[in-house]
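J.: Chains as they are written, first to last, in the working numbering: chain C, 1 to 213; chain H, 1 to 213; chain A, 1 to 213; chain F, 1 to 213.
The set of hints was computed from the structure by calculation and includes no laboratory data.
Be careful, since some hints might not be right.
One copy or two, either will do: identical chains are not told apart, so a pair holds if it fits within one copy or between any two.
With a Cα cut of at most 25 Å, we get these calculated DSS-like pairs of lysine-lysine [claimed, not checked]: (1) K132 to K142; (2) K6 to K132; (3) K23 to K125; (4) K145 to K201; (5) K142 to K6; (6) K201 to K125; (7) K83 to K132; (8) K6 to K23; (9) K83 to K145; (10) K201 to K132; (11) K201 to K23; (12) K23 to K132; (13) K83 to K6; (14) K201 to K142; (15) K6 to K201; (16) K125 to K142; (17) K23 to K145; (18) K142 to K83; (19) K23 to K142.
There are 4 protein chains.
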Amino acid sequence: MTPLDKLITYFERFPGTGLRQAKRFAFHVLTLRPDQVQELAGLITSIQNSVVECTTCHRFFSDSGIRQTECSICRNSNRDHSKLLIVSRDSDIEAIERSGVFDGVYFVLGGTISLLSNSSQHPEKVRTSALKALVTDKINSKTLKEIILAFSINPDGENTSRYVESQLSELITQNNLEVSYLGRGLSTGSELEYADPETIKNALAHRTHHEQT
Amino acid sequence: MTPLDKLITYFERFPGTGLRQAKRFAFHVLTLRPDQVQELAGLITSIQNSVVECTTCHRFFSDSGIRQTECSICRNSNRDHSKLLIVSRDSDIEAIERSGVFDGVYFVLGGTISLLSNSSQHPEKVRTSALKALVTDKINSKTLKEIILAFSINPDGENTSRYVESQLSELITQNNLEVSYLGRGLSTGSELEYADPETIKNALAHRTHHEQT
Amino acid sequence: MTPLDKLITYFERFPGTGLRQAKRFAFHVLTLRPDQVQELAGLITSIQNSVVECTTCHRFFSDSGIRQTECSICRNSNRDHSKLLIVSRDSDIEAIERSGVFDGVYFVLGGTISLLSNSSQHPEKVRTSALKALVTDKINSKTLKEIILAFSINPDGENTSRYVESQLSELITQNNLEVSYLGRGLSTGSELEYADPETIKNALAHRTHHEQT
Amino acid sequence: MTPLDKLITYFERFPGTGLRQAKRFAFHVLTLRPDQVQELAGLITSIQNSVVECTTCHRFFSDSGIRQTECSICRNSNRDHSKLLIVSRDSDIEAIERSGVFDGVYFVLGGTISLLSNSSQHPEKVRTSALKALVTDKINSKTLKEIILAFSINPDGENTSRYVESQLSELITQNNLEVSYLGRGLSTGSELEYADPETIKNALAHRTHHEQT
Numbered sequence: 001m002t003p004l005d006k007l008i009t010y011f012e013r014f015p016g017t018g019l020r021q022a023k024r025f026a027f028h029v030l031t032l033r034p035d036q037v038q039e040l041a042g043l044i045t046s047i048q049n050s051v052v053e054c055t056t057c058h059r060f061f062s063d064s065g066i067r068q069t070e071c072s073i074c075r076n077s078n079r080d081h082s083k084l085l086i087v088s089r090d091s092d093i094e095a096i097e098r099s100g101v102f103d104g105v106y107f108v109l110g111g112t113i114s115l116l117s118n119s120s121q122h123p124e125k126v127r128t129s130a131l132k133a134l135v136t137d138k139i140n141s142k143t144l145k146e147i148i149l150a151f152s153i154n155p156d157g158e159n160t161s162r163y164v165e166s167q168l169s170e171l172i173t174q175n176n177l178e179v180s181y182l183g184r185g186l187s188t189g190s191e192l193e194y195a196d197p198e199t200i201k202n203a204l205a206h207r208t209h210h211e212q213t
Numbered sequence: 001m002t003p004l005d006k007l008i009t010y011f012e013r014f015p016g017t018g019l020r021q022a023k024r025f026a027f028h029v030l031t032l033r034p035d036q037v038q039e040l041a042g043l044i045t046s047i048q049n050s051v052v053e054c055t056t057c058h059r060f061f062s063d064s065g066i067r068q069t070e071c072s073i074c075r076n077s078n079r080d081h082s083k084l085l086i087v088s089r090d091s092d093i094e095a096i097e098r099s100g101v102f103d104g105v106y107f108v109l110g111g112t113i114s115l116l117s118n119s120s121q122h123p124e125k126v127r128t129s130a131l132k133a134l135v136t137d138k139i140n141s142k143t144l145k146e147i148i149l150a151f152s153i154n155p156d157g158e159n160t161s162r163y164v165e166s167q168l169s170e171l172i173t174q175n176n177l178e179v180s181y182l183g184r185g186l187s188t189g190s191e192l193e194y195a196d197p198e199t200i201k202n203a204l205a206h207r208t209h210h211e212q213t
Numbered sequence: 001m002t003p004l005d006k007l008i009t010y011f012e013r014f015p016g017t018g019l020r021q022a023k024r025f026a027f028h029v030l031t032l033r034p035d036q037v038q039e040l041a042g043l044i045t046s047i048q049n050s051v052v053e054c055t056t057c058h059r060f061f062s063d064s065g066i067r068q069t070e071c072s073i074c075r076n077s078n079r080d081h082s083k084l085l086i087v088s089r090d091s092d093i094e095a096i097e098r099s100g101v102f103d104g105v106y107f108v109l110g111g112t113i114s115l116l117s118n119s120s121q122h123p124e125k126v127r128t129s130a131l132k133a134l135v136t137d138k139i140n141s142k143t144l145k146e147i148i149l150a151f152s153i154n155p156d157g158e159n160t161s162r163y164v165e166s167q168l169s170e171l172i173t174q175n176n177l178e179v180s181y182l183g184r185g186l187s188t189g190s191e192l193e194y195a196d197p198e199t200i201k202n203a204l205a206h207r208t209h210h211e212q213t
Numbered sequence: 001m002t003p004l005d006k007l008i009t010y011f012e013r014f015p016g017t018g019l020r021q022a023k024r025f026a027f028h029v030l031t032l033r034p035d036q037v038q039e040l041a042g043l044i045t046s047i048q049n050s051v052v053e054c055t056t057c058h059r060f061f062s063d064s065g066i067r068q069t070e071c072s073i074c075r076n077s078n079r080d081h082s083k084l085l086i087v088s089r090d091s092d093i094e095a096i097e098r099s100g101v102f103d104g105v106y107f108v109l110g111g112t113i114s115l116l117s118n119s120s121q122h123p124e125k126v127r128t129s130a131l132k133a134l135v136t137d138k139i140n141s142k143t144l145k146e147i148i149l150a151f152s153i154n155p156d157g158e159n160t161s162r163y164v165e166s167q168l169s170e171l172i173t174q175n176n177l178e179v180s181y182l183g184r185g186l187s188t189g190s191e192l193e194y195a196d197p198e199t200i201k202n203a204l205a206h207r208t209h210h211e212q213t
């Protein structure tokens, strides 16, 4: 395998990237100026040092130089540490923070448990034991009241939700923790006529009421 | 304009049909057998007689021969007539009935109020006065408790919701009626990462809780 | 089955129309004014009388009142009757006439021979015997030189092309007729990078040369 | 700007990559093992050294270690050096080589001339002078007969074709070179009914004839 083929293989492993796009990325790198090549390679080499994985929630955050081990959300005492929202990826946290309505804390599982993967296989990528350890810690310090399972509404997301719940079930039952899921309903852009029964069922069950003034 | 052109023009006015598809429809009619032509033309001629518009909710229903003026939902005393759900079209009712969870009654407005249409124009297609009359009747007979505004989550749907509410505001306030909207949240297939802030806000506000057993 | 269900079934058989769209068409008919209902039903009833299927090429044309049995193209002595271009449908002729470069005559086969259909089944919809009769007539009157097989470049189109050629093979060989196919190459909008090998092969083989002036 | 933001900015400049995908690429790099990080950064640093831009046709090729300056196609004496096919990008050559029917040589222009760009602007990215130099060289060595302009069939491709031809027009006229373009016609998957007039015109003009055996 030539170096070009190796580089293309690396780009092919980038999320959502096929062979043809990987080739275009490699050709793009070939056209960069020497200073750009150096900077890009330098950033790739050093990024894991300048970005820290939070020891508590496992999301990535930029190291400000003072070598924090916890991210700004986990360190923020104004956030409600009794609510723990579990997501698959960092980008899910970004989406929730954009909404500006969640004041609790997070845990990044690191992936989803695919329905199609061999069930006997150990799902190594997801941080099951780190999650159990965090939940146990929070129970011991009496700070945890609610676990919110926030996964996508698709087969893999629902399977991940079931997996996490089963992994935590003993801790949840013994400590009387509340477990909740993101509410379902009509999302922005939904046309009623084309909504599926499950979505309509939820949209009717959770209808919002007008506040009389 | 030849008869063929006229027929194509009729088909072009069918919802979601462009010129090219209208032509294909006309060619399709040209290939029908004489008995099919007669039956299709007969059905078109008679359908308005065999289908009745419910005098109460204005949805269409097939006339069973005994000349009912009200549809089976409006005549059903097992349904909860204190909940009136207002939709744009008949097909919205079909979607809600498929979910099997709504036991109230309906009103078909007949259209949406587009944000783009001239606001000074009277929106003739929507049944504003019929809606007001129905709500007044139900208030007089003391059967109405809740009005559910069930429109699509898009600009026209939201504008229609505002329009209907403003038209009914006096009746609502004077009679202390409850007004509600379809709940918003993640719909089936939604990926958390790509959900908009409004949807996430609602998904968090209406999160469902696990029943402890 | 109610009359409404019957009407929906008719609309579902319209090309490219699913159940949901068929229902919307039926609801559309329900909202037509009485005079529109009468005109639409009347057009459907009479269209087969006002439109004539050309006895030679089998395309449909509007009857001008003087009861022609042949269409304007077949009657046009300025067209080159030695070139017979065979298509699946009337709409293919429209596309070719729009290009304004073909001066020969046509034959409408009436359909395609699907690769997936049972090969032992007689393809009743396509006018095989009418085509053989026309080609024989044109051979007898010594007017035919070239047969152009003009089908879509997809599996069904290519299968239809093979079928027609095999049906006509004896006539073609015995009378030394020329057989041709639509040229392949890059079509408008094609990006070279994404073109398939067959298309590129043809684009290179049929490259156009600049006229030196 | 944090190092993470800088890395995201680099990824955003990758062809066809938006901000959201660039972020996912950065998160992907954050999850690589240290040895993978080192290899990827090393490949990016060294790829311009291990890949050589052919001094003749300007396509990229992997350096086999013996420091060739010309690519394998340009060095291949079995290829027909009298035919010069000009493309926008390396990936176009790959598509043509996959078809296996072109035995001439190439020149990579390096880009397209957009119709929308300011016409007074010098199109710096495209190798106009290198192309003129190559054509002049080939004329001097009496090896050039035909120039094939092989650009996409879209506004930018057609504009680039006109641009290259105008730049070479003097050389072409004085030396009586043949100029050709990729043949147009129905490409694989084309449906006749939806083909544009230009495509049909070409499909008819370049129709292929059946070989009588």
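J.: Hints first: check each against the structure and report whether it holds.
T.: To see whether the hints hold, each was checked on the structure:
| no. | hint | verdict |
| --- | --- | --- |
| 1 | K132 to K142 | within (15 Å within a copy, 55 Å between copies) |
| 2 | K6 to K132 | neither (38 Å within a copy, 35 Å between copies) |
| 3 | K23 to K125 | between (28 Å within a copy, 20 Å between copies) |
| 4 | K145 to K201 | between (28 Å within a copy, 20 Å between copies) |
| 5 | K142 to K6 | neither (51 Å within a copy, 40 Å between copies) |
| 6 | K201 to K125 | neither (34 Å within a copy, 29 Å between copies) |
| 7 | K83 to K132 | within (15 Å within a copy, 46 Å between copies) |
| 8 | K6 to K23 | both (11 Å within a copy, 22 Å between copies) |
| 9 | K83 to K145 | within (6 Å within a copy, 36 Å between copies) |
| 10 | K201 to K132 | neither (33 Å within a copy, 27 Å between copies) |
| 11 | K201 to K23 | between (46 Å within a copy, 23 Å between copies) |
| 12 | K23 to K132 | neither (42 Å within a copy, 28 Å between copies) |
| 13 | K83 to K6 | neither (45 Å within a copy, 33 Å between copies) |
| 14 | K201 to K142 | neither (36 Å within a copy, 27 Å between copies) |
| 15 | K6 to K201 | neither (50 Å within a copy, 30 Å between copies) |
| 16 | K125 to K142 | neither (29 Å within a copy, 60 Å between copies) |
| 17 | K23 to K145 | neither (50 Å within a copy, 33 Å between copies) |
| 18 | K142 to K83 | within (12 Å within a copy, 44 Å between copies) |
| 19 | K23 to K142 | neither (53 Å within a copy, 36 Å between copies) |
Violated hints for the displayed structure, listed by number in ascending order: 2, 5, 6, 10, 12, 13, 14, 15, 16, 17, 19.
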